[in-house]
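Enquirer: Going by this note's numbering, the sequence shown opens with residue 1, and the numbers climb by one from there.
Keep in mind that the hints were calculated from the coordinates and are not lab data. One thing to keep in mind: the hints can contain errors.
Calculated cross-link-like contacts (lysine-lysine; reagent style PhoX-like; alpha-carbon spacing at most 25 Å) [what the hints assert, rightly or not]:
1) Lys26 - Lys41
2) Lys11 - Lys26
3) Lys76 - Lys26
4) Lys41 - Lys11
Keep in mind it's a predicted model, so treat the numbers as computed, not measured.
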Amino acid sequence: MCEELRPVTDKNEFRRWCARMQLDSKQAAHLLGLSLSNVYKYLDEKGQSPIRGMVSTMCELINLLEEEERVAWVRKQLNSNSALLPWPSKRPISHP
Numbered sequence: 001m002c003e004e005l006r007p008v009t010d011k012n013e014f015r016r017w018c019a020r021m022q023l024d025s026k027q028a029a030h031l032l033g034l035s036l037s038n039v040y041k042y043l044d045e046k047g048q049s050p051i052r053g054m055v056s057t058m059c060e061l062i063n064l065l066e067e068e069e070r071v072a073w074v075r076k077q078l079n080s081n082s083a084l085l086p087w088p089s090k091r092p093i094s095h096p
């Protein structure tokens, strides 16, 4: 890839990252286990939130993979049903 890989710090950089990874934004959000609206919400926050840092870190870790390994990993994740499971709740609905 000829374009320099920059850290994902905002929505525009996230969109560029998606294009470099040949993913649409919804696929990329799925890889991160977040809805696209939440990805954009946390990237738009001015302060450093844990989710914003996680999105940026995950994108950077994916960048480190060789292209063949990255493509295989992305395909596996997009075909995985486990990525569709909700994050555990601190207080499940069934909890008294």
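Enquirer: Can you confirm whether the C-alpha distance between lysine 11 and lysine 26 stays at or below 25 Å?
Expert: 13 Å, holds
Enquirer: If you draw a straight line from the CA of lysine 41 to the CA of lysine 11, is it 25 Å or shorter?
Expert: 9 Å, holds
Enquirer: Regarding the pair lysine 26 and lysine 41, is the alpha-carbon distance no greater than 25 Å?
Expert: 14 Å, holds
Enquirer: Given the hinted pair lysine 76 and lysine 26, is their alpha-carbon gap at most 25 Å?
Expert: With Cα atoms ~16 Å apart, lysine 76 and lysine 26 stay inside 25 Å; holds.
Violation of the numbered hints given earlier is absent; every hint is satisfied by the structure.
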